[in-house]
Amino acid sequence: MGGAILAYLAKRITPMLSSIVSFLAISSAAVVFFTMTSSTDVVTVSVRNFTLQFGLNAYSWVFAAMVMGISALVSLYNIAYMSGKDRLGYFNLNFTLAIMSMMGIVFANDWISFFIFWEIMTWSSFLIVVYNGIDEGKIGTKYMIFSAVGGYAMLMAIVITNSQIDSFLIADLINAYPTFGHGMQAMIGILFLIGFSVKAAVMPLHVWAPRAYSDSPMSFTAIFSGLLSKMGIFGMAIMFISVFSKASIGDTFIYSQVIAWLGGVTAVMATFYAVIQKDAKRLLAYSSIAQLGYIVTGLAIGTKLSVMSALFLAVIHALYKGILFMAVGAVERQAGSTNLEQLGALIRKMPWTFFSALIAAIALAGIPPLGGFVGKWMLYESMITSTNPSHLFLVILIFLSSTAAFLYVYRLLFGLFLGQEEPEWDHVKEAPAPMVIPMVLMALTLILLGYAPGLLFEPIANGMEFLGFENVGWQMSSLSNIWGDTVDMQYVWGSVVTLFVLGAIFITIKNRKSTRYVTTKDIHTSGEIPEAHENLTYAVDFYKPFERAIEPVMRKTMDFYYNHFGNGLESLFGFVRKIYTGNGQTYAMYVVIFLVILLLIGEQIFK
Amino acid sequence: MEDILKLLGGAAATMLLAFVVGATYGGLVRKIIARTQNRVGPPWYQNFVDISKLYMKDTAVHHGVMQHIGPAFAITASVTVLMFVPVLREGGWFPWFENLNFKGDIIFLIYMMVFGSLGMALGIGQTGNPNASIGVSRGLSMMVGYEIPFVLSLVSVMVQTHTTSITGLMEWQTQNGWLMFEAPFAFITMLLAILGMFHYAPFDIAHAPSEIASGPPSEFGGKYLAMMMTSGSIFAFAKLVFLVDVFMNGASNLVMLVVKTLLLYMVPVLYGAVSPRYRTEQAIRYLWGWPVFFGIIALIYSIYI
Amino acid sequence: MVVSPVHFIAVPLLAAFLMPILAKVNKNLLRIVPGIVLTYLGYVSVVLMNRVATEGTIIEVLAGWSAPWGINLVYTPFTGFLATLMIAMSFLIWLYSFKFKKVDDEPALKYFILQLMLTTGSVGLVLTGDIFNFFVFMEIIALSSYALTAFYRDRNGAEAAFKYLLIGAFASTLFLLAIVLLYSQVGTLNMAEISVRMHDVPTSMKVSILVLFLVGIGIEAEMFPLNGWAPDAYSQAPSPVGVAFAALVVKAGVYGLVRITYTLFGIEGSGIGPFLIIMGGITLVMAEITALKQTSLKRMLAYSSIGQMGFVLIAFGIGTHEAVFGAIFLMFNHAIIKGLLFMSGSYLVYNTPNKEIKYLSGYGMKMPVISLFFSLGALAIVGLPPFAGFWSKLYILLAAADGALYGLIALILVVSIIEIVYYFRVVGRLYFGKPAEGSIMRKPTVGGMIAMSILAIAILVVGFYPDIITGYIDAAASSILNTDEYIKNALGAVNELTPVENIIQ
Amino acid sequence: MDTNDKGVRKIVDMITGFARSNSLFMLAYGTGCGDIEIPPAMTSRYDWERFGYRKMATPRQADVLLISGYLATKTLKRVIRSYEQMQEPKYVVAFGSCTINGGMYWDSYNTIKMLDHYIPVDVYINGCMPRPEAVMSGLFDLQEQIKKGEANGAQKYRENLEWYRGNQKKVIKNWVMPEYNW
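In the order they appear, the protein sequences are chains X, C, L and F.
Be aware that the first sequence starts at 19, since it is given in the numbering used here, and climbs by one per residue.
Be aware that the second sequence starts at 53, since it is given in the numbering used here, and climbs by one per residue.
Be aware that the third sequence starts at 60, since it is given in the numbering used here, and climbs by one per residue.
Be aware that the fourth sequence starts at 1154, since it is given in the numbering used here, and climbs by one per residue.
Since the hints were made in silico from the structure, they are not lab data.
Built from N, CA and C at the ideal position, the CB exists for glycine as well.
Among the clues, some could well be false.
As the list claims (entries may be wrong) - With a cut-off of at most 30 Å between alpha-carbon atoms, the simulated BS3-like pairs for lysine-lysine come out as follows:
#1 F/K1159 - F/K1300
#2 L/K502 - X/K596
#3 X/K103 - L/K502
#4 F/K1227 - F/K1322
#5 L/K502 - L/K417
#6 L/K417 - X/K596
As the list claims (entries may be wrong) - Partner residues aside, some chain F positions facing chain C, computed with beta carbon under 10 Å:
#7 K1159
#8 S1176
#9 D1216
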């Protein structure tokens, strides 16, 4: 299996390939994957004195399936989206590399190959981030720095682990972790967590994310925020569930608390930032950070229900955020702008895009009866039923963020698709089929998962049992917490769908003949007649009141501090480099001084 | 088939009840406000007249499909909430009022309650009326304001009673007494929260009458407005019943139900009848002030009791 | 014909001296001869590598004189590996600079001669088993480097060359002094014998000799603070020479350091290991910090290669087999990667005013291939998988972890983050922004393209399948670590002529 | 059931008439001095909410267009637009002598004398100004008409739209009224 992926990797690099080739490659890989998932063979590649293992297990199957399915669809979208752009080869090479490296990460059985693919993912995504050539705020460099911090923290943890237990296998770490000393456990745990938190954009390490998401081409951002960030979740779940739970020390409890609260704070702050954004891409980028915050919190709480909800949300988030980014990409490609304050009323021009975006938005807001609600419900229940008081306060944080999420969800739909129609956007057409089909397919998947979440519970439950939970229970379409309280999705669907259909039918047939459509210029304007060019839509500073209300917490961004830190370092280095004066005598003097010093203290140094 | 029929019949009966009571409450509220302003006020059945008149209006214009089905969203949400809320306490069931009470729980209801407003907001958004959009922006912002104390109070109640289903809550109350007294801080928080929830003054900035022309529903007339008013009265009733179930152990018969709900309803109404209007950010700051404070006390109380 | 290590010295020297005459015959011979010579040497080295792999160390005694008076060449796996590497690199440099100057102007003559001399010097320095020849070859390197640094006869070149000369003079003096002292103590110049007799040298004398050696060779090895000459030399010399410095001179210096510390004095027990670690660490940090603040591409590359050398020193200081393996691997990687970076970088900045990075905006579109090479090199040298640089870094880190030097690991990783910053600043700039008006791109020569693509392919291959060379490197590492075997081989060859004891009295 | 059956028709009409007449949502178009008489009618002295009257802010929701005081040609355009945005059944109540015959502006060059030529008026209330009692009695008349089914101004307007349009275009020189209104 891993061998197949590696083969694809190698094959990618040879030709400068077009989008179609990459789509074919990815989809064929997907087909290969979904057809031979049963095979649990282990491919080993041996390098000098250690061997790289690739294999599939119940847990990684979830992520592998997610990556494969979604990236196949997205690469189909990619064909139409990238058509007409230049340097396609460059883009698609990295695009495919990133996806394949994700597969590599998921398949890796040992830390070395994990790290190798992790870094490939990092630099290929970096090259895509700089593809558009936007360099506001040095975002590419920033992304690279943060990823490097994370990656190297992980590398350090890996080599230390190897020095402890002479093995790179993930399983061996899991088994050996309890035997380490406390300091060692703490160090390895923290280093790994830093490594994963960067990709999962947890609060203090999230600075790179918004711009990196919004500046890279949308067809990649769908992957970037949907899947690539999930790799951090992938690792984190292993750490939290398999490793820390076995730890002999109490302070893993502290980690989980800290990380859980960090996740909560991330969710709230990112949501607030998302609410006040003016650009659709930026809004979605912040919202991705917020959603990842939920997932991290769910993992950190670590009960059966919360972990299940976290993994469920991970998959669902990949779906709906993929749809939303693709929809925004479609709007960007068709209308040439993503500014929420200028666009409007595209619903009549791009109905399919609107439909899928609507479904995705409902799922994102966690409103029943779609899949998003299932994940959120499990998260809340797991927190409320948790024995740990701090989770009960955390649940308020999460609730705040998910209530505020309605705001930006509505802002997104309203800004792009609703509001007054204007001659400026009359030329806009519906996106071509290759872009629409993936969106609609994924939307339908969301609906299906809302009706029968069990389809997704099954693999997740298997994965969790692999990770070390006992008998994770799940029903096909009803949720239940440990207090035995249930929500029956089928009845919810029954009532919602019946009522909605009844209501819609009633409202449509009620004196149908005289009901008519009038343009959005025909509105109550106190008798005034709006000219064709004047736009009466209220879209600028849509949430100004809310902004004013939350203004106290928004004064300083984390970015601000990082920039100051960076500038400080730069100036320090500038001072240090003065040692190299570029003057021959100085250098000679250095030599002499060095010689003298060594001669003086040589006795002490060299026995 | 049999129970399907029972379900539908029960649903219809409950809807009818909810509509009647809700609309009557609406009329009473208008009457009460009129009294506080030293007027006579309309007859109690005024809302029925209005709604039926609106249903009878001939023409109806809409600005697109979302506005067309927006009211359908609203009525779906309110009736679904009604379906999942036990109208009468166990034992005192009218045989057909047991709708779907065991199929959902409080978290689900909290989310279901915002479903309608969001669907409405989508419909309103398509009208392109600036006043309507302003109303939506204010309304959603204020929703963030009052959801927090609302949720705080409910969470503390759930923690205290170790159940998240309403029927469970009611069983707990039949054994240990009303949560209104068992969880006093939670109740205070809830009272403060519903001030915001029912959108009466001082929290009526969302559809500020005569400031932004009748706010979000500006462009809705005829059957659309009628449907919104229907769902509004049903929704009000459903919310009241929900609160009564949570804090006053439901009601065993319709009379008690009416009394309790009316008592609870009077809080926002009377408070609103004599209040001026908050601006949005003031409202949010207010709702995140004392209510949240009490809510946190309630949470601590419920943890360490 | 029978091949032997002697050819490494003899052939290029001969060629170098013949070249002026050949140039009289036909200008074109001038640029062809080095190619032929280097190809032949490559063949020789490959043959010898295989022979070494099978039969073990080869000792070649020159001119019938036996050790300790005679000159002898010791071809161990380690030295052999380095020699092969150097010859391969200088062959690529020759390819790269094939059309370096127009045929009819006379600097080309100098250039090729000097390059050959440089190669001779470094290969000889690596191969010789005799401390005085060591010094001689060091001088050959130094002289040719001075000349090459000042190759463009402009002010900067002259200044750089003068600095280099100044410091280099120190180096030679101290080194010579050390040799004299050493000879006065042990009465032999053969390294093997020296290491045999080292233990009965009084400590203070030993230390002072060591210090002199360290300083002398440390200058060549670009150890902080003795590396002031390097950046100017790198950036002022013609770009192929920069490659030569990175690939040959520095490697020779490091080899000298290692040979002296490991073989003559012995690493374990003595405080040399920690000393090397500390000095390497300081060198690494200082160099990378300084590189971060550079505005000129070549200077940046120069400082970065200093940093890499510090990294190598750290690895040698750790001194376990893993570490030495990593160190040699890193030397190899650094040679090829930095070669690629210098070659492509010099094309990038060929026309930008004083080689500043900030003029490189958008070259990615205009010179796609070169930019691709540069990015590849950048990715590889900061040690990102799946490129060559990753493995060496990984092995060194593993060794450090085994030594429980967690602080050191953290230091290395922090420094590599700095490295990432300044390399990716350049890469990012290459790929966004618009090229400045009227920036003329220089079309790379065919030879240059071939050389660069060979290097790039080497990087990729080693990255994807490191086992292709790890075998040799392992052998090299064990050979450098195993001093006794070195002595046995070296002296074993000697003993047939004169037994050790009658040398002593 | 057969809606043509007399009895059924009668009952239906009765119900509709009752409902429509007892909840009049008013869009008050107050220009000039007339509108000052509305607040006393609304507030505690006369309190017309007793009869189910109610002020509405938007024409979409209103049944009655309450035109008070004189109309200039400029304001006429707004009135027409508002009237056309209202949804049927809709009624017009004009009060104050200015709306009847120009009143004290009878010789003004840009005051609308005969409002009836431009939009159909169901009830005129005379007086300058009519006191709240007068206003309410006028509204009672309107209620009676609605009950009897005689308040069909909108129907009239729809039937001879051309005539109304012609009159409107005559007085309104720069006619930019968008056609989507009606």
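Taking the hints in turn, this is what the structure says about them:
1. F/K1159 - F/K1300: Holds - the C-alpha atoms of F/K1300 and F/K1159 are around 17 Å apart, at most 30 Å.
2. L/K502 - X/K596: violated (36 Å)
3. X/K103 - L/K502: holds (26 Å)
4. F/K1227 - F/K1322: holds (12 Å)
5. L/K502 - L/K417: With Cα atoms ~20 Å apart, L/K502 and L/K417 stay inside 30 Å; holds.
6. L/K417 - X/K596: Holds - the C-alpha atoms of X/K596 and L/K417 are around 21 Å apart, at most 30 Å.
7. K1159: At about 20 Å, which exceeds the 10 Å cut-off, the nearest Cβ of chain C leaves the hint on F/K1159 violated.
8. S1176: This interface hint holds because 4 Å falls under the 10 Å limit.
9. D1216: holds (8 Å)
The structure shown violates the earlier hints numbered 2, 7.
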